[in-house]
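Enquirer: What follows is the residue order along each chain.
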Amino acid sequence: MRNRHGFGLLGILMIMAIVLPLLYMSSAGVINQTSSIRAQQRQRLQMRDAFQNLAVLLRQAYDKAKSNPSCPSKTRITTPSGNVDLCITANTCVKNEEQPSNAFCLQPGIPSGRNIEVMAVLDIPDEGKKWWASLPDLLDGVEFGPTKAHAQTKPSPSLPTLSAPPSFNRPGVAAPVRRCNGTDLVCLTLRLCARGTSCANNEAYYQRIGFTPPH
Amino acid sequence: MPRNAMKTRGFTMVELIIYAGLVMISLAAAYMILVTNTQNHFGTMDRLENEQVLTRIEGLLKRTMGQALNVGTSASLGGWIQIFNSTSTNVLTTFGVFEREAKLLRSGTTDSLIRNTGIFFMPPTVNGGREFEGVLFVDLDPDGDGRVQAGYDDQFVGGLVSMQTVRPYFSANNRLISLDVEVRARFFPVNQSRALRCYRPTGCPAGMTGGRDETRVFTILFRNNNLGNSPLDGMPDLALGRVYFFQDFTSRGGL
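Sequences listed follow chains A and B, in order.
For reference, each letter of the first sequence is one residue, going 1 to 215 in our numbering.
For reference, each letter of the second sequence is one residue, going 1001 to 1255 in our numbering.
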């Protein structure tokens, strides 16, 4: 009889049981979204550090191979600008001084050729992603020139006017053009992708580096 | 009807009061959670957008200055970057002008491409009673004529309050190895009128406050900078040990 007259305590509890999880889920959604976007932003900046660490590590392996011709696990990579011999020994790792949790290790004993796997452990707590790099990843014919991009980030109606803006021509000391021809630089293209995924379907990060000849 | 049956039908006043109280508490709690969530959501989105602006500035400067080739703090060395604090000036300031490695290079063409780069900072100004925000300009010399100057056809980012360069680290020949850049931006709620936004570092008029400042400090490594020639073989030394970096890119084309 009593049930006909209102919700009763049970009814209220049932409504709360529906409403509260919905509210919780909406909060969780916001937090997840935020974390995801932040992680993406961090990733881009971290990739630059990652490439730098990897390049340093490769250079070390390159110098070691040159100075020690009988290196036990020498790996030869053939590139259009010449051969790159790398001496990859166990625990060839480098750490990022600014982010000590990030480390790169070259894996010894991996077959030579195009697919040398380099473990790149990047600490991205929100995603827990690891990265791997394969080198060299030589791609042909695609070239990106500098573009006149307009990178205004927000509508800014209060931009100042520029009266008599300073203008400069080329600085006095001209930098030499570097060439990947084996005598100036021996070049490799590095590609970093998320581990366990196909680079073809995901955004990959590329960095072309050149080694100056060893001493 | 038995007396007990009469008692169990319907609600007593006490029950109604208790139920009504519970309902009110539940609704109030749900409403407060909803309001808090909504505020958090918009606050977080605002904060995120602010972070994005700062990240974009950091990326832009690291991407361009990181590719600098001959750069010190004096024009006599070729390219130069100014050690400055924008709060001490109210005119368009040249932050730096230098050559940089500019080619997003895959295989095929094996030469690098060198372009000039100009970085300029216009501090917040007041003109005719109107407040103008600080703006960072980066001219990448896309047409390759070697001439760079600040203008709204460059890459530019507004909403800035101040900018300064600190802790330069030099090589033996006074070339820059690294430099810290501090950028301060001010963000306003979307519904705050543009006329009531002030970007001055200090001394904003009453009624023109309410913006939130966010500061980011980051280190730029001049990884391609020529730090001098090695006495061993006359080849240039680079910040990361003779590794030359072409401009990086993603599979989507930019970075």
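Warning: the hint list may mix true and false statements.
[Unchecked claim] From the derived model, a few chain A residues whose C-beta atoms are all more than 10 Å from chain B:
hint	residue
1	Gln52
2	Ser67
3	Cys71
4	Ser73
5	Thr75
6	Asp85
7	Ala174
8	Gly210
[What the hints assert, rightly or not] Partial list, derived from the structure: chain A residues whose beta carbon lies under 8 Å from chain B:
hint	residue
9	Phe51
10	Arg59
11	Lys64
12	Asn68
13	Lys74
14	Arg76
15	Ile77
16	Phe168
17	Arg179
18	Tyr206
19	Pro213
[Claimed, not checked] Computed Cβ-Cβ distance ranges for the label pairs, DEER-style:
hint	chain 1	residue 1	chain 2	residue 2	range
20	A	Asn83	B	Asp1111	16 to 24 Å
21	B	Arg1056	A	Leu13	15 to 23 Å
22	B	Asn1173	A	Ser35	20 to 28 Å
23	B	Gly1234	A	Pro80	20 to 28 Å
24	B	Thr1089	A	Asn83	50 to 58 Å
25	B	Ala1206	A	Leu13	50 to 58 Å
26	B	Thr1036	A	Pro80	56 to 64 Å
27	B	Asn1040	A	Gly182	21 to 29 Å
28	B	Gly1234	A	Pro72	26 to 34 Å
29	A	Arg179	B	Thr1202	47 to 55 Å
30	A	Asn83	B	Asn1090	40 to 48 Å
31	B	Asn1173	A	Arg76	18 to 26 Å
32	A	Arg76	B	Ser1076	41 to 49 Å
These aren't lab readings, by the way, just hints derived from the structure by calculation.
Ideal Cβ positions, reconstructed from N, Cα and C, are used throughout, including at glycine.
Enquirer: Against this structure, judge whether each hint is valid.
Expert: Each hint, compared with the structure:
1. Under the 10 Å C-beta cut-off, the non-interface status given to Gln52 (chain A) relative to chain B is violated; the minimum distance is some 6 Å.
2. No beta-carbon of chain B comes within 10 Å of the beta-carbon of Ser67 (chain A); the shortest separation is about 13 Å.
3. Annotated as non-interface, Cys71 (chain A) keeps its C-beta farther than 10 Å from every C-beta of chain B; the closest such distance is 19 Å.
4. The beta carbon of Ser73 (chain A) is kept farther than 10 Å from every beta carbon of chain B, the shortest such distance being approximately 21 Å.
5. At roughly 18 Å, the least C-beta separation between Thr75 (chain A) and chain B is larger than 10 Å, which holds for a residue marked as non-interface.
6. Every Cβ of chain B is farther than 10 Å from the Cβ of Asp85 (chain A); the closest lies at roughly 16 Å, confirming the non-interface assignment.
7. Interface exclusion of Ala174 (chain A) from chain B breaks down, the closest Cβ pair being 7 Å apart, not more than 10 Å.
8. Here Gly210 (chain A) does not stay apart from chain B, with its beta-carbon only about 4 Å from theirs, under the 10 Å limit.
9. Look at Phe51 (chain A): its Cβ gets to within about 6 Å of chain B, closer than 8 Å, so that hint holds up.
10. For Arg59 (chain A), the suggested interface contact is upheld, since its CB lies about 5 Å from the closest CB of chain B, less than 8 Å.
11. This hint is violated: Lys64 (chain A) has a C-beta 13 Å from the nearest C-beta of chain B, more than the 8 Å allowed.
12. Evaluation of the Asn68 (chain A) hint against chain B yields a violated restraint, the C-beta minimum of about 17 Å exceeding 8 Å.
13. For Lys74 (chain A), the shortest C-beta to C-beta distance to chain B is roughly 20 Å, which exceeds 8 Å, and the interface hint is violated.
14. For Arg76 (chain A), the interface hint is violated, since its Cβ never comes within 8 Å of a Cβ in chain B; the closest pair sits about 18 Å apart.
15. Using the Cβ-Cβ criterion of 8 Å, the hint placing Ile77 (chain A) at the interface with chain B is not satisfied: the shortest such distance is roughly 13 Å.
16. Because the closest C-beta pair between Phe168 (chain A) and chain B is about 5 Å apart, less than 8 Å, the hint holds.
17. With 8 Å as the threshold, the beta carbon of Arg179 (chain A) comes within range of chain B, its nearest partner Cβ sitting at about 5 Å, so the hint holds.
18. Annotation: interface hint on Tyr206 (chain A) holds; nearest CB of chain B at approximately 5 Å, less than 8 Å.
19. Because the closest C-beta pair between Pro213 (chain A) and chain B is about 7 Å apart, less than 8 Å, the hint holds.
20. The supplied range of 16 to 24 Å is met by Asn83 (chain A) and Asp1111 (chain B), whose beta-carbon atoms lie about 20 Å from each other.
21. Separated by about 49 Å at the C-beta atoms, Arg1056 (chain B) and Leu13 (chain A) break the suggested range of 15 to 23 Å.
22. For Asn1173 (chain B) and Ser35 (chain A), the Cβ-Cβ distance of about 45 Å falls outside the hinted range of 20 to 28 Å, so the restraint is violated.
23. The hint said 20 to 28 Å for the Cβ distance between Gly1234 (chain B) and Pro80 (chain A), and at roughly 26 Å that hint holds.
24. Against the hinted window of 50 to 58 Å, the Cβ-Cβ separation of Thr1089 (chain B) and Asn83 (chain A) comes to about 53 Å, which satisfies the hint.
25. Between Ala1206 (chain B) and Leu13 (chain A) the CB atoms are about 52 Å apart, so this pair conforms to the stated range of 50 to 58 Å.
26. At roughly 60 Å, the beta-carbon separation of Thr1036 (chain B) and Pro80 (chain A) lies within the given 56 to 64 Å, and the hint holds.
27. Take Asn1040 (chain B) and Gly182 (chain A): their Cβ atoms lie about 58 Å apart, and the range 21 to 29 Å is violated.
28. Between Gly1234 (chain B) and Pro72 (chain A) the beta carbon distance is about 33 Å. The supplied range of 26 to 34 Å therefore holds.
29. A hinted range of 47 to 55 Å for the beta carbons of Arg179 (chain A) and Thr1202 (chain B) is consistent with their spacing of about 51 Å.
30. For the pair Asn83 (chain A) and Asn1090 (chain B), the beta carbons lie near 57 Å from each other, so the given range of 40 to 48 Å is not met.
31. At about 36 Å, the CB distance of Asn1173 (chain B) to Arg76 (chain A) disagrees with the hint of 18 to 26 Å.
32. The hint said 41 to 49 Å for the Cβ distance between Arg76 (chain A) and Ser1076 (chain B), and at roughly 44 Å that hint holds.
Hint violations for this structure: numbers 1, 7, 8, 11, 12, 13, 14, 15, 21, 22, 27, 30 and 31, all remaining hints satisfied.
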